[in-house]
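Sequence lines, in order, name chains R and A. Counting in this note's numbering, the first sequence runs from 1 upward without gaps. Counting in this note's numbering, the second sequence runs from 1 upward without gaps.
Everything labelled a hint here was simulated from the structure, so no lab data went into it. In this text, a Cβ means the ideal position worked out from N, Cα and C, and glycines have one as well. Just so you know, not all the hints are guaranteed correct.
[Unchecked claim] Facing chain R, a subset of chain A residues (Cβ under 7 Å, in silico):
1) Ala139
2) Ser220
3) Phe247
4) Thr264
5) Thr267
[Claimed, not checked] To give a feel for the contact side, a few chain R residues facing chain A, derived at Cβ under 10 Å:
6) Leu22
7) Phe24
8) Val145
9) Ser261
10) Ala282
One letter stands for each residue in the lines below.
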Amino acid sequence: MWRFVAGRGAQYLLVLCLTVILNFGLPRMMPGSPMVFLAGEDVGFLTPEQRAQLYALYGLDQPQWRQFVTYVGNLARGQLGYSFQRGRPIGEIVRERLPWTLGLVGTSLVLATFLGVALGAVSAWRRGSALDLGTLGVAMFFESVPSFWLGMIFIAVFAAHLGWFPIFGAGTAGAAFEGWGLVVDRARHLALPLATLTLITVPGMLLIMRYAMLGVLGEQYIATARAKGVPEGRVLRRHAVRNALLPVATVFMLNLGFVVSGATVVETVFSYPGLGRLLYEAVLNRDYPVLQSTFFIITVSVIAANVAADLLYPLIDPRVRRR
Amino acid sequence: MSTLAAAAGLPAVRRRPALGAAGWAGVLVLAALVVMALFAPSLSPHDPEETVGDPFQPPSRAHWLGTNDIGQDIASELIHGARISLTIGFLAAAIAVGIGTAVGVVAGYFGGWTEATLMRAVDLVLVVPFLPLMILLAAYLGPSFWNIIIVIGALVWARPARVIRAQVLAVKALDYVEAACAIGCRHGRVIVRHILPSVLPLALAQFILAASNAILIEASLSFLGLGDPTAKSWGTVLYYAQARNAFLSGAWVWWVIPPGVLITAATLGFAFTGFALEEVLNPRMRGRRGAG
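So here's chain R without its partners, still in its complex pose (with noise of 0.2 Å):
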């Protein structure tokens, strides 16, 4: 157990470190001065002013271990940096786009492990039937699809022809919404990228939670309950699906990787104001520092969604509180 726990902890912090020397070490790796990428593309728009603060805020006039120190000093405290194009400080951006995020990506891995978890165990139940190939062959379909792609659709179809849902955005600009008016209008504005992530998240769980049942199903104690008489329901429910429902947890793990770069592209599509949202803007604007401080969070939220997947791992599986 304890094992476990510090190499799981190594990893993470290795993860962690690469992460800070990269985005140390590529705007200082790139031809050309440091400043552009530090401040991005605007630098030449700077005032004096500002070129100190600059200065003074990555200590570019020390040597690189001096710099890299300051960096780590920086980030330890929470300081992420300024952002020239907007005139704000990036930490005050980050705090304002990551609800948007965890609140999409939370809800859609919520919604996604439910139906995967069902879906993946009818399907294997009925293995070889007509709707385990359907489900397979849907599911097959809504991997392959791009993303962005089925946000698109969905958006012409819905927003843009039926009307039903606005067309992007997180919430009605200008209008002042309250109470239960409030949450509708959010509702509304979230089912479109909700359901674009749901769709391209379910089939990753669905096919775990299949092969994992076909696992079970193949086990003994499967044949030792029927044999004993034990309701067909039952068995589906009590003895077939908790066992496997352990790799799934694990696969829940590797999907939010998966999950939050889908998240990247879907909030692009949508003009929604999440992290992902921020990368692509940093990304068009050419504005560095955003893009790298963007980067360090979502990869800090993932590692930290892991550390609470590894906690709550023993809960599920009393094996690994022995180990």
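Use these hints to put chain A onto chain R, whose structure you have.
What follows is chain A alone, placed relative to chain R:
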């Protein structure tokens, strides 16, 4: 055992299965797309880079899928786009499976701390949110054909590495490998003569699955404006369609749907072929996954 297997719905007798309907469907779709890419100049009605009509034209006899915002023929763009999308898919997959096979074979064969280190690296790559990392790298390196290929290849090798390593572990335990070791063959010779040949078919299946992955990732990167502007892929066409708000007008029917269908067809074609091949080649997979 066989009665138990039958009760569980598993096939009692296990023969090496043929490719199967899904696999052949995948091969067929791929073949069609490859033909399209190979004969793009003679198949496409217009030069994809020339302005050949008025902008935003609906489909007509002259322009099957209408024209885009600067009057280029969309059908010709898509036919030529097949070359870019498929080439990037193939090359990125080749890099990924190259790295994956090397890592998998070395890790599986040598074991010990070599294996532990390499497999840690694999886990590491799997944890990182890959698309944001790719966006970061692509943004710094600049949008070019080769940068996209290298970035994708360098980040999707982890899955092939895992699968290959598992196969190497199985092969290493076989008698003839042990015999080769016993008569004092050097490591290099054992790997090249005995390990690699038994791993290569599986590497082929992994290559096809990686290509499926790579095409989808390339489409995403190009859609985000990180594709090579001088080599338009299917994703790039969608990038322009999005930038010109094609999905708000009727144009989405001929400007947005076709490139997406092509990307999906290519991804599905590769995936079906890859899964079917994996099932044929990897005995442990058999009967577990796919259309049972």
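(request) Against the structure, test the hints numbered earlier, and report the numbers of the ones violated in rising order. (result) 7
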